[in-house]
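**Q** All residue numbers for the sequence shown refer to the UniProt record's numbering, where the first residue is 1 and numbers rise by one.
Among the clues, some could well be false.
[To be verified] The calculated lysine to aspartate or glutamate pairs, modelled on EDC-like cross-linking and capped at a C-alpha distance of 20 Å, are: (1) Lys161 / Glu129; (2) Lys161 / Glu149; (3) Lys102 / Asp82; (4) Lys232 / Asp185; (5) Lys161 / Glu216; (6) Lys232 / Glu183; (7) Lys161 / Glu67; (8) Lys102 / Asp92; (9) Lys161 / Glu98; (10) Lys251 / Glu19; (11) Lys232 / Asp252; (12) Lys102 / Glu183; (13) Lys161 / Asp218; (14) Lys161 / Glu76; (15) Lys102 / Asp160; (16) Lys232 / Glu248; (17) Lys232 / Glu19; (18) Lys232 / Asp160; (19) Lys251 / Asp94; (20) Lys232 / Glu129; (21) Lys102 / Glu159; (22) Lys102 / Glu149; (23) Lys102 / Glu76.
[To be verified] Across the chosen pairs, the derived CB separations fall in these ranges: (24) Ala87 / Ala263: 42 to 52 Å; (25) Pro220 / Asp54: 20 to 30 Å; (26) Glu256 / Asp160: 19 to 29 Å; (27) Ala48 / Glu216: 38 to 48 Å; (28) Ala87 / Pro220: 27 to 37 Å; (29) Glu67 / Glu183: 35 to 45 Å; (30) Pro210 / Gln88: 17 to 27 Å.
Worth flagging that the hints you see were computed from the coordinates, not collected in a lab. The structure presented is a predicted model; accordingly, all values stated were derived computationally and were not measured. Virtual Cβ for every residue (Gly too), placed ideally from N, Cα, C.
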Amino acid sequence: MPHPLGIESRTVAGMGPVEHIRLAAELGCTRVSLGLAQDAGSNTGYPAWSLREDAALRRAVRAALAETGICIKVGEGVAASDLVSPAQRAGDFDLFAEIGAKRISAHDNGLERARARDQLGELATMAQERGMDLSIIFAPVLTIRSLPEALELVHEIGEDKASLTIDALHFFRTGGTVRQIAELDAALVGHARICDGALSGNAEGDSRSPRLIPGEGDLPLREFVDALPRSKTLGIDVTLPQAALGFEAAKDYVGEVVARTRALLA
């Protein structure tokens, strides 16, 4: 079975959640990732929105999901923090569950490892209580930098409530090999994100490096995809340079991204 494609929120930066869902359906994708709020972007013309504050928007999101058959594979915007306790995120987790998210992605935010483990463990328990799991992100700039470190953390938290988010750019920049992915228990892979880019990055990880359309960079994406457990969703997660041109240009760009991703993986 081929991998279903999803569209990550970064790929449609600035769009409203309903437009995001409908665009994914229009392009033949089956999944999206979604945060709970979006600030108004400079030079994009897109308005701010908040699922926390706008009950009508939440209803519109649920309606769009039901109409299109799209599901929210990942809820975004959660991290360990010394400023916000896990308990203070209970309302956000309730909202993610309300709109039908299957899991929530989270990272350690650079906290000391033991503190990060404790916080992510609490968040994972909160997700499990609401019928979701917590999918751990690793990256060069974080405390949990590599697949082995993230896997160890998932084992500590509990495989019944935590999984892995494997981002192609982060994975290869932290020295990952496709054999490591192929040897994973499929149940531990909660989510996979695909983009292209330079194999070597700067000290800040990918924060200033473009996340390119698959096929435009150095990453061995064909091998990456082949190593993933079959039927796992691939969330297309690229930088959106055309955002400043407005909604229609962004739609055209995302359509090109999806088409070129499919061509690479065919």
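**Q** All the hints need checking, so say for each whether the structure fits it.
**A** Hint check results:
Proposed proximity of Lys161 and Glu129 is supported: the alpha carbons are some 9 Å apart, at most 20 Å. A distance of roughly 17 Å separates the Cα atoms of Lys161 and Glu149; the hinted pair therefore holds under the 20 Å criterion. Distance hint between Lys102 and Asp82 is unfulfilled; the C-alpha atoms sit about 26 Å from each other, more than 20 Å. This hinted pair checks out: Lys232 and Asp185 have alpha carbons roughly 12 Å apart, not beyond 20 Å.
This hinted pair does not check out: Lys161 and Glu216 have alpha carbons roughly 36 Å apart, beyond 20 Å. Taken as a hint, the Lys232 and Glu183 pair is honoured in the structure, with Cα atoms around 15 Å apart against an allowance of 20 Å. Taking the CA atoms of Lys161 and Glu67, the gap is about 30 Å. The hint is violated against a cut of 20 Å. Restraint check for Lys102 and Asp92: the C-alpha separation of about 14 Å stays at or below 20 Å, so the hint holds.
Between the alpha carbons of Lys161 and Glu98 the distance comes to roughly 19 Å, so the proposed pair stays at or under 20 Å and holds. Proximity of Lys251 to Glu19 is assessed by CA-CA distance (about 10 Å); at most 20 Å being required, the pair is judged to hold. For the hint pairing Lys232 with Asp252, the CA-to-CA distance comes to about 26 Å; that exceeds 20 Å, so the pair is violated. A distance of roughly 24 Å separates the Cα atoms of Lys102 and Glu183; the hinted pair therefore is violated under the 20 Å criterion.
Our distance criterion of 20 Å between C-alpha atoms is broken by Lys161 and Asp218, whose separation comes to about 34 Å. For the given pair, Lys161 sits about 17 Å from Glu76 by alpha-carbon distance, which is consistent with the 20 Å threshold. For the given pair, Lys102 sits about 14 Å from Asp160 by alpha-carbon distance, which is consistent with the 20 Å threshold. Annotation: proposed proximity of Lys232 to Glu248 is violated, straight-line Cα distance about 30 Å (limit 20 Å).
With a CA separation close to 24 Å, the supplied pair Lys232 and Glu19 exceeds the 20 Å bound. Note on Lys232 and Asp160: the hinted pairing holds, with a Cα-Cα distance of about 18 Å set against a maximum of 20 Å. At most 20 Å may separate the alpha-carbon atoms for a hinted pair to count; Lys251 and Asp94 exceed this at roughly 31 Å. Using a Cα cut-off of 20 Å, the hinted pair Lys232 and Glu129 is violated, with the two alpha carbons roughly 24 Å apart.
Using a Cα cut-off of 20 Å, the hinted pair Lys102 and Glu159 holds, with the two alpha carbons roughly 16 Å apart. Proximity of Lys102 to Glu149 is assessed by CA-CA distance (about 24 Å); at most 20 Å being required, the pair is judged violated. A C-alpha spacing of about 11 Å is found between Lys102 and Glu76, which places the hinted pair at or below 20 Å, so the restraint holds. About 46 Å separates the C-beta atoms of Ala87 and Ala263, a value consistent with the hinted range of 42 to 52 Å.
The beta-carbon spacing between Pro220 and Asp54, approximately 42 Å, falls outside the hinted interval of 20 to 30 Å. Taken as a hint, the range 19 to 29 Å is violated for the pair Glu256 and Asp160, whose Cβ atoms sit roughly 40 Å apart. Judged by the Cβ atoms, the range 38 to 48 Å given for Ala48 and Glu216 is violated: they are separated by roughly 31 Å. Restraint check, Ala87 to Pro220: a C-beta distance of roughly 42 Å breaks the suggested window 27 to 37 Å.
The supplied range of 35 to 45 Å is met by Glu67 and Glu183, whose beta-carbon atoms lie about 40 Å from each other. In this structure the supplied range 17 to 27 Å is violated for Pro210 paired with Gln88, their Cβ-Cβ distance being about 34 Å.
Going through the hint list in order, the structure does not satisfy hints 3, 5, 7, 11, 12, 13, 16, 17, 19, 20, 22, 25, 26, 27, 28, 30.
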